[in-house]
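Line by line, the protein sequences are chains A and B. 572 is the number that the working numbering gives to position 572 of the first sequence; each next residue is one higher, with no gaps. 811 is the number that the working numbering gives to position 29 of the second sequence; each next residue is one higher, with no gaps.
Some hints could be false.
[Claimed, not checked] Computed footprint of chain A on chain B, listed as stretches where at least three residues anywhere in the stretch have a Cβ under 8 Å from a Cβ of chain A:
#	region
1	879-889
2	894-907
3	932-943
[As the list claims (entries may be wrong)] In silico SDA-like links for lysine to any residue, alpha-carbon gap of 25 Å or less:
#	chain 1	residue 1	chain 2	residue 2
4	A	K140	B	D974
5	A	K145	B	P963
6	B	K899	A	Y280
7	A	K428	A	E747
8	B	K943	A	K428
[Unchecked claim] Some chain B residues well away from chain A (every beta-carbon gap over 12 Å; in silico):
#	residue
9	V811
10	G815
11	G819
12	T826
13	K840
14	Q852
15	C918
Keep in mind that the hints were calculated from the coordinates and are not lab data. Because the structure is a prediction, the values reported are computed rather than measured. Ideal placement from N, C-alpha and C gives every residue a C-beta, glycine not left out.
These are the residues of each chain, in order.
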Amino acid sequence: MSTEVSEMITVVIDGFEVSVPKGTLVIRAAEQLGIQIPRFCDHPLLDPVGACRQCLVDIEINGRAFPKPQASCTIPVEPGMIVKTQLTSPVAEKAQRGVMELLLVNHPLDCPVCDKGGECPLQNQAMSNGQGSSRFEGVKRTFEKPINISSQVLLDRERCVLCARCTRFSEQIASDPFITLNERGALQQVGIYENQPFESYFSGNTVQICPVGALTGAAYRFRARPFDLVSTPSACEHCASGCDMRTDVRRGKTLRRLAGEDASVNEEWNCDKGRWAFKYVTAIDRLKVPMIRNASGELVEASWPEALAVAAEGLKSAKAAVLVGGRATVEDAYGYSKFARVALGTNDIDFRSRLSSDEEREFIASRVVGSSTTYRDIDKADQVLLVGFEPEEESPIVFLRINKQFRKRALKVVSIGSKESIAVEKLKAEFVKVAPGQEAAAIASQKLTDKSVILVGERAAESAGALSAVAALADSTGAKLAWIPRRAGERGAIEAGAIGNLLPGGRPVTDAAARVDIATVWNTDSIPAEVGRSTSQIIDAVHAGQIGALVVGGVDPLDCDNSQAALSAMEKAFVVSLEIAPSAVTARANVVLPVAAVTEKSGSFLNWEGRARSFDAAVADSLNRSDLRILSMIADEMGISLNLGTVTAAAKEIASLGAWDGARATFNKVSAQAQPALNGDQALITSWRRLLDLGTLQEGEEHLAGTARRTVAVISPKRAQSMGVVDGDQLKISTAQGSVTLSALVENIHDDAVWAPRNSRGSQLLVNLGVAHGAVVTVVKA
Amino acid sequence: MAENLEPLKPKDLGINDVEFYEVEQTPSVGFLGHMKGFWVTFSTMFKKPLTVEYPEVKAPTEERFHGRHQLNRHPDGLEKCIGCELCAWACPADAIYVEGESNTEENRMSPGERYGKVYQINYLRCVFCGLCIEACPTRALTMTNEYELADDTRAKLIFEKQDLLAPLRQGMLMPPHPMYPDMTDTNYYNGDVKGAHPSQATDGQP
Numbered sequence: 001m002s003t004e005v006s007e008m009i010t011v012v013i014d015g016f017e018v019s020v021p022k023g024t025l026v027i028r029a030a031e032q033l034g035i036q037i038p039r040f041c042d043h044p045l046l047d048p049v050g051a052c053r054q055c056l057v058d059i060e061i062n063g064r065a066f067p068k069p070q071a072s073c074t075i076p077v078e079p080g081m082i083v084k085t086q087l088t089s090p091v092a093e094k095a096q097r098g099v100m101e102l103l104l105v106n107h108p109l110d111c112p113v114c115d116k117g118g119e120c121p122l123q124n125q126a127m128s129n130g131q132g133s134s135r136f137e138g139v140k141r142t143f144e145k146p147i148n149i150s151s152q153v154l155l156d157r158e159r160c161v162l163c164a165r166c167t168r169f170s171e172q173i174a175s176d177p178f179i180t181l182n183e184r185g186a187l188q189q190v191g192i193y194e195n196q197p198f199e200s201y202f203s204g205n206t207v208q209i210c211p212v213g214a215l216t217g218a219a220y221r222f223r224a225r226p227f228d229l230v231s232t233p234s235a236c237e238h239c240a241s242g243c244d245m246r247t248d249v250r251r252g253k254t255l256r257r258l259a260g261e262d263a264s265v266n267e268e269w270n271c272d273k274g275r276w277a278f279k280y281v282t283a284i285d286r287l288k289v290p291m292i293r294n295a296s297g298e299l300v301e302a303s304w305p306e307a308l309a310v311a312a313e314g315l316k317s318a319k320a321a322v323l324v325g326g327r328a329t330v331e332d333a334y335g336y337s338k339f340a341r342v343a344l345g346t347n348d349i350d351f352r353s354r355l356s357s358d359e360e361r362e363f364i365a366s367r368v369v370g371s372s373t374t375y376r377d378i379d380k381a382d383q384v385l386l387v388g389f390e391p392e393e394e395s396p397i398v399f400l401r402i403n404k405q406f407r408k409r410a411l412k413v414v415s416i417g418s419k420e421s422i423a424v425e426k427l428k429a430e431f432v433k434v435a436p437g438q439e440a441a442a443i444a445s446q447k448l449t450d451k452s453v454i455l456v457g458e459r460a461a462e463s464a465g466a467l468s469a470v471a472a473l474a475d476s477t478g479a480k481l482a483w484i485p486r487r488a489g490e491r492g493a494i495e496a497g498a499i500g501n502l503l504p505g506g507r508p509v510t511d512a513a514a515r516v517d518i519a520t521v522w523n524t525d526s527i528p529a530e531v532g533r534s535t536s537q538i539i540d541a542v543h544a545g546q547i548g549a550l551v552v553g554g555v556d557p558l559d560c561d562n563s564q565a566a567l568s569a570m571e572k573a574f575v576v577s578l579e580i581a582p583s584a585v586t587a588r589a590n591v592v593l594p595v596a597a598v599t600e601k602s603g604s605f606l607n608w609e610g611r612a613r614s615f616d617a618a619v620a621d622s623l624n625r626s627d628l629r630i631l632s633m634i635a636d637e638m639g640i641s642l643n644l645g646t647v648t649a650a651a652k653e654i655a656s657l658g659a660w661d662g663a664r665a666t667f668n669k670v671s672a673q674a675q676p677a678l679n680g681d682q683a684l685i686t687s688w689r690r691l692l693d694l695g696t697l698q699e700g701e702e703h704l705a706g707t708a709r710r711t712v713a714v715i716s717p718k719r720a721q722s723m724g725v726v727d728g729d730q731l732k733i734s735t736a737q738g739s740v741t742l743s744a745l746v747e748n749i750h751d752d753a754v755w756a757p758r759n760s761r762g763s764q765l766l767v768n769l770g771v772a773h774g775a776v777v778t779v780v781k782a
Numbered sequence: 783m784a785e786n787l788e789p790l791k792p793k794d795l796g797i798n799d800v801e802f803y804e805v806e807q808t809p810s811v812g813f814l815g816h817m818k819g820f821w822v823t824f825s826t827m828f829k830k831p832l833t834v835e836y837p838e839v840k841a842p843t844e845e846r847f848h849g850r851h852q853l854n855r856h857p858d859g860l861e862k863c864i865g866c867e868l869c870a871w872a873c874p875a876d877a878i879y880v881e882g883e884s885n886t887e888e889n890r891m892s893p894g895e896r897y898g899k900v901y902q903i904n905y906l907r908c909v910f911c912g913l914c915i916e917a918c919p920t921r922a923l924t925m926t927n928e929y930e931l932a933d934d935t936r937a938k939l940i941f942e943k944q945d946l947l948a949p950l951r952q953g954m955l956m957p958p959h960p961m962y963p964d965m966t967d968t969n970y971y972n973g974d975v976k977g978a979h980p981s982q983a984t985d986g987q988p
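Could you build all of it, start to finish, from the sequences and the hints given here?
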């Protein structure tokens, strides 16, 4: 709702007066009085369509009655309107009963085998507003069932009541017109485009809003009934959008996740990854018991006291550092942060297990921590500037929000990057094409106002000078600035101080008063004063022999800057690994401690806005412990008390610390680097991670993987022409480290650049090539 | 209150106020009286006994006695259960646990799309009310007259699907196997399928 005061209109519904803003639909005005008019097609976030005719009511305006009952979901209130619903008008009641009978003529009534049975608006409203029997004696229309709309969405056409919720969602919300209504009359049905591949990241929402069982998810099909499920409100652990979610668990196993309702964040939507990527929790290879490496170098199972004693001994006997991935909850990240400072006596902690820079760390300390740009600012923005950020792939709900404003008021979007993406096309964004690594100059030349919003992604750190240019642009124009990481825990890790230059609450390590603040609350003598090392510096320090032990939690070394160096560092150092499943770290760890997955513990994430998204354990009786609890136990074993026994204790301590009100850390601006010279078959690599790729948290969900976008290498028409390459030819991209061979796609990309997905099947750039953005690679026709 | 805590005197209990009456005793029944009583015993010796020598002898129950459940099969051996959980929903004692699963061409357990992969009835909970039978949309679940449901552990009294499934009869084939050629699940429910198709192996015959 907008803040401006809109004109109020008073209408009478079933004899009761109600005042609603001008433009409110009759069906919604009735809701305000607690009068429920049955409906199927009506959805508050979709445009009215009047397709199902179930919401018929009698309406009269200033004494003149409509000759026939009208659909209350399409008619806005008007002064002098008198509405009679099924409760007071026999005509409306009969009309609704008739519509319901007609809808049920071709409905198969196969409720016993239908997933929607028990939570079905058609079932419920047939009971409340329909009649017990049907006069139809013919043979019902049948279709072949079910058909796959995609690998994860199934369509039973005979159950469909043609409400057009799904087709309107795909057109109006996702802007992926992947389904439409075909044919006319009794044969009308939902269909898919034959020639266009089904590639929507939001298709799961159609399953959730379908008012009958026509659209069902393959992963949940026939798995449970609503009364089997224990539902827990939860938060999504996949990205920094911060969706409100509902997790449905049957006998300790998550069976499905639904989008929750939060008008200020995800409205009622979520992406397919959030909805369907939860099987990794029950993947068979979960770590269950602690393990230690014995004298002959093998990992053997051990008891908790034994493993904790080995971990404590190893961490005490060498200089140690902490690597915590960007997926920890705020409380866990706080645990790592406190553990590093209090138990290990170091500031060597970094949550950035990805490509990162020191420029980014200073940017975070000076601009990100404590910042409060929100979704609401996107709603009000006169322009949105995207820098190193691909909203649909990296934070899908941000895309939906921008798209909403684009559809509503043609919001201007500018994207600075090397390759035009599908989202840029859908948003009709002004695409500022630059060579990879040369973003800074383009940023500096942008014209913004104080109502503009700059959304900068974590990939901006990969171009020297880009974040400096963004900060300068925000300072000079007064535009709102938001940094949107890809992982759910990164913003929380910043606020919890899981980074070398910040203490909890955004306190700079270099500030003596800040250190005293924290030391007082933590009941410790002092906090180390020098700025800690970053991820890549920690890895280098291990190789240099300055660091002898690592605490690693939720990190995939293959995501890091120099993955080979990270792996060999873990072989060299004494590694304590806190993980849910075996990984590359496990194979190199000295002590492996199993931890709880997100659904098994309580906690909170901070989304990119800094908004807390707290959640309870969905699987209540899990025996797995959170990272926080295990860190506490290791500290106890070392003879140091963290006083962080529970998540609640950590949350309380974080709240008691509050935010830093002193001076922010300074930001030493970095200037851009000159573009390297390229010869004939050389190009600059650029890439991003796709929403659906080989991410660890998407493991075990083959239905979801089926809708991942195609793995291709993208080159510009000019380069394609000079190479003699057309769409579909094989391209070999290589560096000194290795190569990938991918199918070519000629698209709008900078002539000096070549694009490939960063972590998709057949294209794991950091492993295969060792570089992902701005580096020189060789591109040849394979 | 303290001054009222005097011990009660016997007089205060009212014992002395109880009145006693003398009751008239019935006179002896005499020899004939005894004979009359023994005659009942004597005459019963010549009547047919009502008791049976359980467990050697088992009396049949009434036809509609609510005994152990049974999961029925279609005449060609496919299961009737579609795993819809309506029985579990109807159960007032929460004794039934069902998990559904999709039929595939390679693994078809019932006609149609869905079958019951897990089916358990906990006989420590079941009250034999029969609401599950009423709820079943395919007549897959019925009750037998079997009443011997005692065992020595709790686990043994949770009956699994294989404990509840009806045995294969003449002409039936052990699933998984395909549906009868050219028949739909509707034909199955209408009773058009009378047995397994001759082309299918009939190794399930007794």
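Quick rundown of the hints versus the structure:
1. For the region 879-889 of chain B, the stated coverage by chain A holds: 4 residues have a C-beta nearer than 8 Å to a C-beta of that chain, and at least 3 were required.
2. By the rule of at least three residues with a Cβ nearer than 8 Å to a Cβ of chain A, the coverage given for the region 894-907 of chain B holds, with 3 such residues.
3. Counting residues of the region 932-943 of chain B whose CB lies closer than 8 Å to any CB of chain A gives 0, which falls below the minimum of 3, so the coverage claim is violated.
4. Taking the CA atoms of K140(A) and D974(B), the gap is near 19 Å; set against the 25 Å cutoff, the hint holds.
5. At roughly 18 Å between alpha-carbon atoms, K145(A) and P963(B) fall within 25 Å of each other, so this suggested pair holds.
6. For the hint pairing K899(B) with Y280(A), the CA-to-CA distance comes to about 23 Å; that is within 25 Å, so the pair holds.
7. A C-alpha spacing of about 16 Å is found between K428(A) and E747(A), which places the hinted pair at or below 25 Å, so the restraint holds.
8. With a C-alpha separation of about 58 Å, the suggested pairing of K943(B) with K428(A) is violated against the 25 Å cut-off.
9. Distance check on V811(B): its Cβ is at least 67 Å (rounded) from any Cβ of chain A, clearing the 12 Å threshold; non-interface status holds.
10. With a least CB separation of 67 Å from chain A, G815(B) remains clear of the 12 Å interface cut-off, as annotated.
11. G819(B), annotated as away from the interface, keeps every beta carbon of chain A farther than 12 Å; the closest lies near 62 Å.
12. Interface exclusion of T826(B) from chain A stands, the closest Cβ pair being 55 Å apart, more than 12 Å.
13. For K840(B), the condition that its CB be more than 12 Å from all CB atoms of chain A holds, with the nearest at approximately 37 Å.
14. In this structure Q852(B) is separated from chain A by more than 12 Å, as the shortest Cβ-Cβ distance comes to about 19 Å.
15. For C918(B), the shortest C-beta to C-beta distance to chain A comes to about 9 Å, within the 12 Å cut-off, and the non-interface label is violated.
Checked against the numbered hints above, the structure breaks hints 3, 8 and 15 and satisfies the rest.
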